[in-house]
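Trainee: Residue strings, one per chain:
There are 2 protein chains.
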Amino acid sequence: MVDGEPGKPVQVGILGFGNVGSGTFATLQENAANIARRAGGPVVVRRIADVDWRRPRPLGVDVPADVRTRDPYAVINDPEIAIVVECIGGVTPARELVLAALRAGQNVVTSNKELIAKHGHELLDEADARGLDIAFEGSVGGGIPVLRPLKESLAGDSIHTVIGIVNGTTNYILTQMTARGRDYAEVLAEAQQHGYAEADPTSDIEGYDATYKLAILASIAFSSRVRLEEIYREGIGRVTAADIGYAGQLGYVVKLLAIARDTPEGLELRVHPAFLPITHPLAAVSDVFNAIFVEGSSVGEVMFYGRGAGARPTGSAMAGDIVEVARNIRHGCTGRVPCTCFYDKPVRPMEDIETKHYFRTRVADRPGVLARMAAVFGEEQVSIASLLQTSAAAEEAEIVWITHRTREGGMRRALDRIARLPEVMEVCSWIRVEA
Amino acid sequence: MVDGEPGKPVQVGILGFGNVGSGTFATLQENAANIARRAGGPVVVRRIADVDWRRPRPLGVDVPADVRTRDPYAVINDPEIAIVVECIGGVTPARELVLAALRAGQNVVTSNKELIAKHGHELLDEADARGLDIAFEGSVGGGIPVLRPLKESLAGDSIHTVIGIVNGTTNYILTQMTARGRDYAEVLAEAQQHGYAEADPTSDIEGYDATYKLAILASIAFSSRVRLEEIYREGIGRVTAADIGYAGQLGYVVKLLAIARDTPEGLELRVHPAFLPITHPLAAVSDVFNAIFVEGSSVGEVMFYGRGAGARPTGSAMAGDIVEVARNIRHGCTGRVPCTCFYDKPVRPMEDIETKHYFRTRVADRPGVLARMAAVFGEEQVSIASLLQTSAAAEEAEIVWITHRTREGGMRRALDRIARLPEVMEVCSWIRVEA
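Each protein sequence line maps, in turn, to chains A and B.
Residues in the first sequence are numbered from 1 upward in steps of one, following our numbering.
Residues in the second sequence are numbered from 1 upward in steps of one, following our numbering.
Since the hints were made in silico from the structure, they are not lab data.
As the structure is a prediction and not an experimental result, all values here were calculated from the model.
Warning: the hint list may mix true and false statements.
Which copy is meant is left open, so a pair is good if it fits within one copy or across any two.
[Unchecked claim] BS3-like cross-link-like pairs, simulated, lysine-lysine; straight-line CA separation at most 30 Å:
(1) Lys151 x Lys8
(2) Lys8 x Lys345
(3) Lys356 x Lys8
(4) Lys118 x Lys8
Please take these sequences and the hints and turn them into a complete structure.
Mentor: Here it is as structure tokens:
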């Protein structure tokens, strides 16, 4: 480890030089003078390891030949390098390289949400045991400062709710569907053309990316280890232009939300599309922007907003983490803020969770249909808050329902039973409503 | 100073036990178990000094007799107390007590915006010289984490713009004027009845409170010492219901903004009412809520939102600062993040600053009036972007103007000249427009 002598450079090594690596390097270079002042001495990028130095870099940054290497262990085995910046992404080989760096006594900075969500426990324990820092602000919300504020600024409070719009691709798609009344598949194809969605968009649109981020947010907010498999997950693939239209009529917008609550009955952990009242601070978060809404017992409501992805914003988060680690190195206090997952709180099963619900049915336009449906809802303890009936076609009616707060289990049973009624042609959609 | 032994309590003393003191104490008590875990050992309030122990406390908190004292020096001279929490407010005697605490080797936490804005230089230098912490997150935006994120999370970036809605009273008044079409005096009287405005509301409505917060924000964001007297200041007293009505018609809301920009020509520093496009993230910030919008060269746009005042939210910020200082004490690294005002950047004179402008004139409804006004604007380099003429009364017309970006100096000269034209009965209002 580098000593804390004032003025002595802190040496940094970067693993992986794609989008995030380039953004981090560019940010460190451009702000070098300010960073040196803030960190108490220069922060110097000594080596960058990448498997392919011929592919073009997004920001056109120029890396001197003696800084380039193809061997990640040229970074990890360099005793001068005090901070290893992991920009590879994914679990393999990132996990093994980060562990090797920690075992070599190097601090780690990363924005790898999948790695932290899946192996944070192991990595943070390794860092804590050695009194090292592992910082990962960029793993949630790109450049938005949110993890450090949760872990440090709100450390004196009790956070009970976190609701995030944490995936830019799905938020862009839903925003475009809302603004232009278009359907999902059409907007997705366009987003792919514009580079706002990956060629294989599964991780984004199926909500996997959002579960990684929710696991990290909830672990920090509630001081409890959250496992990915404990998070209920549903993507945006079944949201239609019609549902978004009804949402607008009823005073809501449709967003893919990552929701975590710390309740006396256990943690609520879920990622799914939801109706959100137009007056909610998150409702105005559009396009590729992200925001994380937090409620604490003393602080009340706070929200963090900004660009949730991209080489530059993520580079800003990485550079901020690097300066913080450099400050700790100079003051001999790496490991100052260790893992704060002191608890292992139980997670509530999804069927016990209460929300309002929106759903839409296509039924035969005959007397008595509504009565039969209402009877089923009554038997399953589903209380209807409002109802909107329109004519879909000849001898057909479309009914849009909003319930009062209802347990998920009862709602599922009611919808199953409704779908089997002979007069009900289709339960077209079902989306939870967040208060 | 207390040693960094794990598990040993960190002793805290509180000076002043009004709103903020009670909120801080209540937050520390309620979250004691989590705080002990996060800080690495218990945080114990050992003494609280207040001049009057008989007045009722807002949160009804109960303070044991042996914790109470009327003598602030019973806190400052207690060698067991490692963190002094200043909750007195104002400059006298807070400044002298904070200096005494620092000189006694005690770390300081405060939310006193006036003290930090006016004497931060002196106090931070004193803390730095002794390797102590002075933390003041609660001084801006109540419980919203914003100063620590600016100083730490964004330390690797270059921030060039800060725009804040940082005063809850004026934002409440403007929100109510907008929602209900009422005039300023009426809404202010109501706000005073409801306790949202002080009996003497001068500091809020004249913008002094916002200048304190802008001085603190800009100093941290731009790493440059900002002096209060360098900030242009204008209150909300001249904003009328009519102006707010026109703003709505034109796609704007009226907000009291605290604006700071770091430009090649120097710093822009100003607090004044402004037209803000309805699509801006700050436009939806209503009632007593605050938000700070920040732009950095890598991170792009980020925003921090929440309750800007109140015993509880401010108590959350104070408790967070206390945990952070306690962590530093345990790791022997107080003073880890020193004052970062490395520069003394010049401040641009207000007359050089370019914005768009809205203004409203009452003129005689005669041929040639518009031509004479337009000639003056042309001579003063004021380019008109849009114009709306209505009939105010018989033989009178009201004209609403929006300019393109114009230097303040030229705008002032043009309005002075316009006001002296015989056909112009009144320049009713003039409000800057932020892009």
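Trainee: Each hint needs a verdict: does it hold in this structure or not?
Mentor: Hints, verified against the model:
1. Lys151 x Lys8: Intra 29 Å, inter 21 Å, cutoff 30 Å: intra and inter.
2. Lys8 x Lys345: between (44 Å within a copy, 27 Å between copies)
3. Lys356 x Lys8: Classified as neither; 58 Å inside a copy, 47 Å across copies.
4. Lys118 x Lys8: neither (36 Å within a copy, 34 Å between copies)
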